[in-house]
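With chain A fixed as given, assemble chain B onto it according to the hints.
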Amino acid sequence: MIKSRYIYVTLFMILGAGIISCERLFRGDDPANNPVNDFEMLWQNLDRKYSLFSTKGLNWDSIYQVYRPDIHNGMHDTILFKSLGNMLLELKDGHTDIQSPYGHIQYDYTVGSSRNFVPHIVKVNYLGTGEKEQDGMLYNIIDTVGYLNIESFSTEITEGGIREVLNYFSDTKGIIIDVRNNSGGNDRYCKIITNHFFDQKRKVEINHYKTGPGHDDFGTIDQYIEPEDGLGISNPTVILTNRTCFSACNSFVSWMSSLPHVSIVGDTTGGGGGTPHFSELPNGWIYRYSANKSYRPDGINMDNGIPPDHYVTMTERDSTHWKDTLIEYALDLIDQ
Amino acid sequence: MMRLFLTICFSILSLHAWPQQDKMMVGVGTGWNANMILDEFLSPMPYRGNGYMFQVSLNDQNDRFYDKLAIIYQKSKISPDINNHSAAHLYRGSIDWIRTYHLGSEAEKWMIYLGFHFLSSYNASSHTNWPNNSYSHCLAFNLGPSLVIDYAPWQKDLHFMWELSVPVLNYIIRPSLVSIIPEGSIKRSRQDFWGFVSGGSITSLHEYQRIYSNLFISYRVAARFTARAGYQWDFQNYTVNNHYQSVNHLIYVSIYYRFRK
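Residue numbers (this note's numbering), protein chains in the order written: chain A, 1 to 336; chain B, 1 to 261.
Here chain A stands alone, though its shape is the one from the complex (with noise of 0.2 Å):
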């Protein structure tokens, strides 16, 4: 009797860990970690998620036929790197690129376009020795005109820190926001910027969000931008941009060129309106690609870049002479 009791508590134990037995049955086996399999997967999430195939009127199933034939298990490493490369370079879109040992292949979208912008200029000439530093941002007052200078949106701006560089011009009669060679970061940190600059509720941006794999499968939302307790600056506001102006720095051109006293002064900017997301693939290469794409309220593709309202470029004349061109047409623009 006592030995069937330990018969059945045995058996009990076995019945309940039993069905973990099948857990492989349920799961799958993990991605194979080869050449093929690599590039299948990296072909097939992008055929799934990328979102702006229809956009650059790109057939992914012939770039397929490309480089698929040169895909095979026992290839060097440094071969099939290159072969994902160049199909990614087939998008031609800044926020899609692969990292691995090897390096690093991205699109670059300022390919032919005037630099307009000389860092040292602006710092010697016109921001000078009262250069004032906050939250990486640079300011001074050029003038009677307040000059801030965003070099990137991947610094955390705060609100403290906003509102100290727009108190500080409080008493100037226009702000030149430079956002040259900006390549982009957090659009949180853009919000926190424009926030002060919007005097009403606007709608900014159209963002298509993919709901399923089909190329043309979107849903959309509209963004807003709110002002909630800004400084409501009026004053006559220039930005400054050159095709480097790139993601999150796109956005915040594109949301400040919805406002009537904001004017856009360079060159059209590099685009980026997709929001880059990550993944990666079984030999652990990391890559990213655009998951949604954005339109402006007036149905421009914020892809294709933010046009200004004033083409400006950068002359050869102005830069010997430690002139830029930019920030005087900016200060002209103000004075009229």
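Check each hint, because a few of them may be wrong.
[As the list claims (entries may be wrong)] Lysine to any residue pairs mimicking SDA-like chemistry, simulated, CA-CA at most 20 Å apart:
| hint | chain 1 | residue 1 | chain 2 | residue 2 |
| --- | --- | --- | --- | --- |
| 1 | B | Lys187 | A | Asp216 |
| 2 | B | Lys109 | B | Pro153 |
| 3 | B | Lys187 | B | Val240 |
| 4 | B | Lys109 | A | Met13 |
| 5 | A | Lys203 | B | Pro153 |
| 6 | A | Lys191 | B | Gln191 |
| 7 | A | Lys191 | B | Asp192 |
| 8 | B | Lys187 | A | Gly232 |
| 9 | B | Lys156 | A | Phe12 |
| 10 | B | Lys156 | B | Ala222 |
| 11 | B | Lys187 | A | Arg48 |
| 12 | B | Lys109 | A | Leu11 |
Since the hints were made in silico from the structure, they are not lab data.
Structure of chain B alone, referenced to chain A:
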């Protein structure tokens, strides 16, 4: 459909007026967990790791029914089996209620209970390196049948117990394909809290599978105290848009206080 689902949930919960228990116990427990998460919103690679858990539960059992309400919190650090420094924090919270009725009429050595469960779980992952898609989650509400087997071979104080639950009707909230906003919420252009809550989908076994197994030994150590040690296995698989799989192993100990002798 959402209203129908909520109506079913509330109806079941309203049936559960906590009975006049003669053996109701409240317990606290802690333990160790091991997890596997495959969340294609974050990565196509499975992430594995382990961590700790805490549990508070109410339990009631007699020769008529077996009733359990458990609140469990778990945290662990997980990473893929590849060399690229990827890692994520995994947070799991669950409120599990199982209500079953004894198939026999008297207390016996073997007691088999059959009934239903209402499980709710929230699994959230936070990737340590990736800025825009660092956060993912799976919020699941499950209804379905439960089986409880109680075997007390030598004496009434020692019990070998097994709880098994397989949900058949579920409400799942997951990120959409490439946004943390649930798919249903995007389709309705809603980004607020209600949009988030109502943006999930009602599913059944064809899209979502879950198996919840809890095997434990219970021993009455004093007149009012019972100790338990157990192993819980929880498997979830959701196949819509971003494939989601979660395997959770728990080894735990707990101590229960009985309100009445």
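Against the structure, the hints:
no.	hint	in the structure
1	B:Lys187 - A:Asp216	14 Å, holds
2	B:Lys109 - B:Pro153	6 Å, holds
3	B:Lys187 - B:Val240	16 Å, holds
4	B:Lys109 - A:Met13	16 Å, holds
5	A:Lys203 - B:Pro153	70 Å, violated
6	A:Lys191 - B:Gln191	17 Å, holds
7	A:Lys191 - B:Asp192	18 Å, holds
8	B:Lys187 - A:Gly232	34 Å, violated
9	B:Lys156 - A:Phe12	17 Å, holds
10	B:Lys156 - B:Ala222	13 Å, holds
11	B:Lys187 - A:Arg48	18 Å, holds
12	B:Lys109 - A:Leu11	15 Å, holds
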